[in-house]
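Visitor: Going down the list, the protein sequences come from chains A and B.
When we follow our numbering, the leftmost residue of the first sequence carries the number 5, and every step to the right adds one.
When we follow our numbering, the leftmost residue of the second sequence carries the number 18, and every step to the right adds one.
Incorrect hints may appear among the rest.
[As the list claims (entries may be wrong)] Calculated pairs, DSSO-like style, for lysine-lysine (alpha carbon to alpha carbon, straight line, at most 27 Å):
(1) A:LYS90 to A:LYS69
(2) B:LYS242 to A:LYS69
(3) A:LYS184 to A:LYS69
(4) A:LYS90 to B:LYS297
[To be verified] A few chain A residues that don't get close to chain B, going by computed Cβ distances all over 10 Å:
(5) ASP17
(6) HIS43
(7) GLU146
(8) ARG180
Hints were generated in silico from the structure; no laboratory data involved.
The model shown is predicted, which means the values in this text are computed figures rather than measured ones.
The beta carbon of each residue, even a glycine, is placed where N, CA and C say it ideally should be.
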Amino acid sequence: MAAPPDAPTELDDITIMARSEQRPDLFAVLYERYFDPIHRYVAARLGTHIADDVAAETFLVAFRKRPGFDPAIGGVRPWLYGIATKLVAQHHRSETRRLAAFQRTPVHVADGGHEDRVTARVTAAHAQGRLAAEIARLSQGERDVLLLTAIADLSHQEIARTLGIPYGTVGSRLSRARGKLRTALGGVNPLIGGSDG
Amino acid sequence: MDETTDRGNSSRPAGPEDLTAVRRLLSEPGPDHDAVAAGRARLMAAITAAEPPGRQARRRWRPAGRPRHWAVGSALLGAVAASAVVVTTLAVPDTGALVTVPPSAASDSAKPGPQATAQHILLAAATAVTAGAAESGTYWRTRVVRGQTMVSPDRRYLLRRGSAEEIWLAVAPAGQSHRIFEPLPVQPVTAQDVAAWRAAGSPAEWRYPIDVDDFGEVEPGEVVKSSPSPPFGSRLTGGWRGSAGHLMKRSVSWAEARRIPDDPQELRAYLEARIGGLTKKFPSIDLEQRLEPMVQASCFELLAGLPVSPQVRAAAFRLLASMPGMRAEGAVTDPLGRTGQGLSYQLNGPVARQRLLVVAPDTGLLLADQTRGTATLADGRRVNIGAYTAYEQAGWTDEEPDLPADHD
């Protein structure tokens, strides 16, 4: 396809949204801009296969709902993440299953490597399992804020717009979530590869 | 060591350690090419379907008087075609291509008779399709009209609104493919409708009542009018490069299009394999329930616009004939005013819907696919109302597209 005619680089998101009322095909530019990041965000939560479908669905929903987009509330990017997050919520079980799978992922000790290394990997795998378990235990709202921060790289302001919650709530949810993760990881965290472990 | 390698975007600042750990745990590689293309195809389908209907083209981009030659299944519009009853075959000097103008419209689409079963009609179409038609050209060109048909507010005639999408796919690897999108005027469907519209004073605006239950897809109180907007086009790039069209949401290369089996059983196996590839990507699809409808849908896709040989098209009709679930509904007029045989079938989705496929058994053309709404006009004439996709043209050509002024 077809980035449509007058589109790609020069038109900003808001202009595209406004013009897409008359020129629906312009909306395709937003797909080219944001499919990849939206897919990565959804894949981090639901895995790549479901993300193929859900990320595509995000743009279909966005296209249908574009008359309701209000630039006064926020940008196109957080709006798209908001739609994706709602769709992710419909796949709650898949997210739970995915996080559960991380907790039982077997440790690959393929090449009879150095014993220290093997030990480090086993430890890392355990830490990974604990982290996944803790993410699974977070409330939906905490998990949304955590992953919009860690994976989607959205600011607090953008997350407030994405989820339609007050700015302050973003901060409090995020610090609660991170507090729980730190506790789960303990002081020792081979995942991070820091010197404190 | 793997665990210390950032799996995420390396340009991103490392950030706090706990967030980095979350990122490392959950990040996946980005979408593959197929996923991007499949999602894009879904969006494009929605965009095309949603093009605001009823906008009139200020100027037709097609220069008046310039003849257009279509190698396969050229069916002229509405009233013109309604009077064509003979098959005309002529050679076109400038291209050397063989041009067939079938009488798909009026003709004797009723030939198999209203009592014919769906199977009879599909087998008749399979036999008709194998006859003749050129099999190569510079471009494979399709023109599809999507929109709605509705009863006029005074119930005297049938109107259609919609938009046309023309796609020119260049066969040569270095060739450029194009998509031209044309909003169409709101207009009466058949010659009979045109006459009734004229008798009503040729209105250009239609004001609907609050109760629009059996008018078709119009909003309560809607005022349908012509708000002209010119056609526009774009170069097809990305997933369209080297593509001969799409089958089950995936692009088909020219080489693959030539390899599609022309035996009904082998065709079925081929389509099932392709559907299997799709469901692997979309595990939410329940293959047990969806396989038959998807085989059926992929046959429609083949027939509607893929550059396959007449033998493959015939095989697709035969495969459809071997499947249960279609019912003959007698002669119907499609949204472009062409007459064909209606075959009703169930479209399974979140909500099962009754659809009507319009086939011309005497030419082997798939004319249209529409929702199955009917309404009665003031004079008692029964008409089909609702959303439609009409396959106006599909064929090889050596012409070059007339690109509209608004083209990238």
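Visitor: Broken hints, numbered, in rising order?
Guide: 3 and 6
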